[in-house]
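Going down the list, the protein sequences come from chains X and C. Every letter in the first sequence is one number past the one before it in numbering that gives the first Met the number 0, and letter 113, counting from 1, is 112. Every letter in the second sequence is one number past the one before it in numbering that gives the first Met the number 0, and letter 125, counting from 1, is 124.
These aren't lab readings, by the way, just hints derived from the structure by calculation. These numbers were taken from a predicted model, which means no experiment stands behind them. All residues carry an ideal CB built from backbone N, CA and C; glycine is no exception. Incorrect hints may have been included.
Below 20 Å or equal to it, Euclidean Cα-Cα: the simulated PhoX-like pairs (lysine-lysine) are [claimed, not checked]:
no.	chain 1	residue 1	chain 2	residue 2
1	C	Lys-115	X	Lys-96
2	X	Lys-40	C	Lys-1
3	C	Lys-196	X	Lys-263
4	C	Lys-115	X	Lys-195
5	C	Lys-138	X	Lys-164
6	C	Lys-101	C	Lys-51
7	C	Lys-143	X	Lys-248
8	C	Lys-113	X	Lys-70
9	X	Lys-96	C	Lys-59
10	X	Lys-263	C	Lys-59
11	X	Lys-219	C	Lys-51
12	X	Lys-70	X	Lys-195
13	X	Lys-195	C	Lys-113
14	X	Lys-70	X	Lys-96
15	X	Lys-195	X	Lys-157
16	X	Lys-70	C	Lys-115
17	X	Lys-195	X	Lys-218
18	C	Lys-51	X	Lys-243
19	C	Lys-59	C	Lys-143
20	C	Lys-115	X	Lys-218
21	X	Lys-263	C	Lys-26
22	C	Lys-1	X	Lys-263
23	X	Lys-96	C	Lys-51
24	C	Lys-28	X	Lys-2
25	X	Lys-195	X	Lys-160
26	X	Lys-157	X	Lys-134
27	X	Lys-160	C	Lys-51
28	X	Lys-92	C	Lys-51
29	X	Lys-2	C	Lys-143
30	X	Lys-96	X	Lys-61
To be clear about the criterion: a stretch of chain C counts as covered by chain X if any three or more of its residues have a C-beta under 8 Å from a C-beta of chain X, and this derived list gives those stretches [what the hints assert, rightly or not]:
no.	stretch
31	46-52
32	58-68
33	168-179
34	196-203
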Amino acid sequence: MIKKRLIFTLLYSDNFFFQSRNFNIQKVGDISWLEKNYNFKNISYYIDELIILDISRNEKNKENFIKNINKISEFCFVPITVGGGIKSLEDAKFFLKNGSDKILINSSIFENFKIINQITEIYGEQSVVLGIDLKKIDNDYFVYSNNGQKKINQNPKKIIKNLQKSNFGELLLNSINQDGTGMGIDYSILDLLPAKFNKPLILSGGTGNFKHILEGLEKKFVSAISTSNLLNFVGDGLIKTRNKLLSEKIDFPNWDIELLQNLKSIFNDQSK
Amino acid sequence: MKQVGIIDYGMGNINSITNALSFLGLKWKVTDNRQKIKDFSHLILPGVGSFKIAMQNLKKLNLVDEIMEVGLVKKRKILGICLGMQLLGSSSTEDGYTEGLKFVKNKVTKFSFKQKDIRIPHVGFNNISRFNKDFNLLKDINLKDNFYFVHSYKMNFEKNSNYAICNYGAEFLAAFQNENIFGVQFHPEKSQSSGLKLLRNFFQDQ
Numbered sequence: 000m001i002k003k004r005l006i007f008t009l010l011y012s013d014n015f016f017f018q019s020r021n022f023n024i025q026k027v028g029d030i031s032w033l034e035k036n037y038n039f040k041n042i043s044y045y046i047d048e049l050i051i052l053d054i055s056r057n058e059k060n061k062e063n064f065i066k067n068i069n070k071i072s073e074f075c076f077v078p079i080t081v082g083g084g085i086k087s088l089e090d091a092k093f094f095l096k097n098g099s100d101k102i103l104i105n106s107s108i109f110e111n112f113k114i115i116n117q118i119t120e121i122y123g124e125q126s127v128v129l130g131i132d133l134k135k136i137d138n139d140y141f142v143y144s145n146n147g148q149k150k151i152n153q154n155p156k157k158i159i160k161n162l163q164k165s166n167f168g169e170l171l172l173n174s175i176n177q178d179g180t181g182m183g184i185d186y187s188i189l190d191l192l193p194a195k196f197n198k199p200l201i202l203s204g205g206t207g208n209f210k211h212i213l214e215g216l217e218k219k220f221v222s223a224i225s226t227s228n229l230l231n232f233v234g235d236g237l238i239k240t241r242n243k244l245l246s247e248k249i250d251f252p253n254w255d256i257e258l259l260q261n262l263k264s265i266f267n268d269q270s271k
Numbered sequence: 000m001k002q003v004g005i006i007d008y009g010m011g012n013i014n015s016i017t018n019a020l021s022f023l024g025l026k027w028k029v030t031d032n033r034q035k036i037k038d039f040s041h042l043i044l045p046g047v048g049s050f051k052i053a054m055q056n057l058k059k060l061n062l063v064d065e066i067m068e069v070g071l072v073k074k075r076k077i078l079g080i081c082l083g084m085q086l087l088g089s090s091s092t093e094d095g096y097t098e099g100l101k102f103v104k105n106k107v108t109k110f111s112f113k114q115k116d117i118r119i120p121h122v123g124f125n126n127i128s129r130f131n132k133d134f135n136l137l138k139d140i141n142l143k144d145n146f147y148f149v150h151s152y153k154m155n156f157e158k159n160s161n162y163a164i165c166n167y168g169a170e171f172l173a174a175f176q177n178e179n180i181f182g183v184q185f186h187p188e189k190s191q192s193s194g195l196k197l198l199r200n201f202f203q204d205q
């Protein structure tokens, strides 16, 4: 059977990576910081998938963004989903050709809905992840776009239901309230899904420890949990988390890190 | 020394394959030039997306005859990955009906399940449920290894000399080998240790 997934989300803007809390962002460092201080190479061996989002609010520089993505993908042998500012089929093509396996569409759901089918017609429905950011105000949920800056005046249930008019691969639901708090995942957002919802679902926002991830993955309809919390899982935090999850018999892929490292340059043809 | 050629016909992400090959220490080149196809000891046919568009692109680039020549006459090892595996088959029902490269007789059809809770596409890590013991591509690989799948269409089994089966709602062909022609439905380049092990097996002389 298909395994559950642990996804790591990296937030990127203008050559730096960020930590986010309720969508307020704080710079943590550039790619060499990520490698030196965070040992991201090692961390990438303990995840099943990577999402990298360009969250810059200025004009986005796709070329620089993809350069950063490619530096990561040199040592990261998991699927990479790229998002942030994908407004046209051309944008999507650019990322799918240059190092991204899937793309995440968020604001364009509301600004250019037809882009979803344009992309999936060429690259297949598995190539598009739709991301919905939700904010709870009093007891009601609202959908936000543009890095959580723009409120969409439509019923979130209706919005999610309407998504099914397009062909897409997966849905990512993210809680702005829980984002970066480490206070746990808000499962009531699952109630916003239509009864016959039939796509792989990724939940994001609020994971602070191993128990949060375990809880989420134990839910039948949750295919993956994503965390973007660099600080909660610093050091060997993520590694310990994964090992604990495996010991709880979460049906996860079990990666052989030692073997992976031993396969490096096994053919030695490049030096010839 | 191995010279790996990766055929670029405009479908999907080639970077992750070249990164995996570099990690293993292999020399590779990406090409869409028909005249270069014969220069390689091993060919990789990658691809994600529509079967129909993929065949159109291969034809537009005049690559079909060259790939057939290298595979059938020169007997070089060819590995089709994901859509690339499907293209090695005889036909696909994606977007109507499209004929493939026909290295093998296998046909490609869409997943269809009676059970409503099995989602399409089949996305994520899954293990091989069974394979024949002589299948060297799967050397050192067991049921605990996981591979990354993303597909809505799958290749049907057809007396392949070596085969590996995956189970998703029903059994389908996860990998095959007929002589020098290999196909894998999953992405070894995105399957951590399991995938790198499989790529090592493909490039090891056997």
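Check your understanding: Holds or violated: Lys-70(X) with Lys-96(X), Cα cutoff 20 Å?
Key -> The given pair, whose Cα atoms are some 15 Å apart, holds under the 20 Å limit.
Exercise for review: Report holds or violated for chain X covering the stretch 58-68 of chain C, Cβ cut-off 8 Å, minimum 3 residues.
Suggested key: violated (count 0)
Review point. Given the proposed pairing of Lys-138(C) with Lys-164(X), does the C-alpha separation stay at or below 20 Å?
Key: Given pair Lys-138(C), Lys-164(X) is violated - Cα atoms ~44 Å apart, limit 20 Å.
Exercise for review: Sort out whether Lys-248(X) lies within 20 Å of Lys-143(C), counting only the CA atoms.
Suggested key: Between Lys-143(C) and Lys-248(X) the Cα gap is close to 13 Å, so the pair holds against 20 Å.
**Study point:** Agreement of Lys-115(C) and Lys-96(X) with the hint, judged by alpha carbon distance not exceeding 20 Å
**Key:** Distance of about 34 Å is beyond 20 Å: violated.
Review point. Are the Cα atoms of Lys-101(C) and Lys-51(C) separated by 20 Å or less?
Key: It holds: about 14 Å lies between the C-alpha atoms, which stays within 20 Å.
**Study point:** Agreement of Lys-219(X) and Lys-51(C) with the hint, judged by alpha carbon distance not exceeding 20 Å
**Key:** Distance of about 35 Å is beyond 20 Å: violated.
**Study point:** Pair hint outcome, Lys-28(C) versus Lys-2(X) [Cα-Cα no greater than 20 Å]
**Key:** Given pair Lys-28(C), Lys-2(X) is violated - Cα atoms ~33 Å apart, limit 20 Å.
Review point. Quick one, are Lys-92(X) and Lys-51(C) close enough, alpha carbons at most 20 Å?
Key: holds, 18 Å
Practice item. Would you check the hint for Lys-51(C) and Lys-243(X), treating anything up to 20 Å between C-alpha atoms as holding? Key: violated, 45 Å
Review point. When you check the alpha-carbon spacing of Lys-196(C) and Lys-263(X), does it fall within 20 Å?
Key: holds, 11 Å
Exercise for review: Given the hint that Lys-157(X) pairs with Lys-134(X), test it: the Cα-Cα distance must not exceed 20 Å.
Suggested key: Status holds; Cα separation ~15 Å.
The structure fails hints 1, 2, 5, 8, 10, 11, 12, 16, 18, 19, 24, 27, 32 and 33 (numbered hints given earlier, in ascending order).
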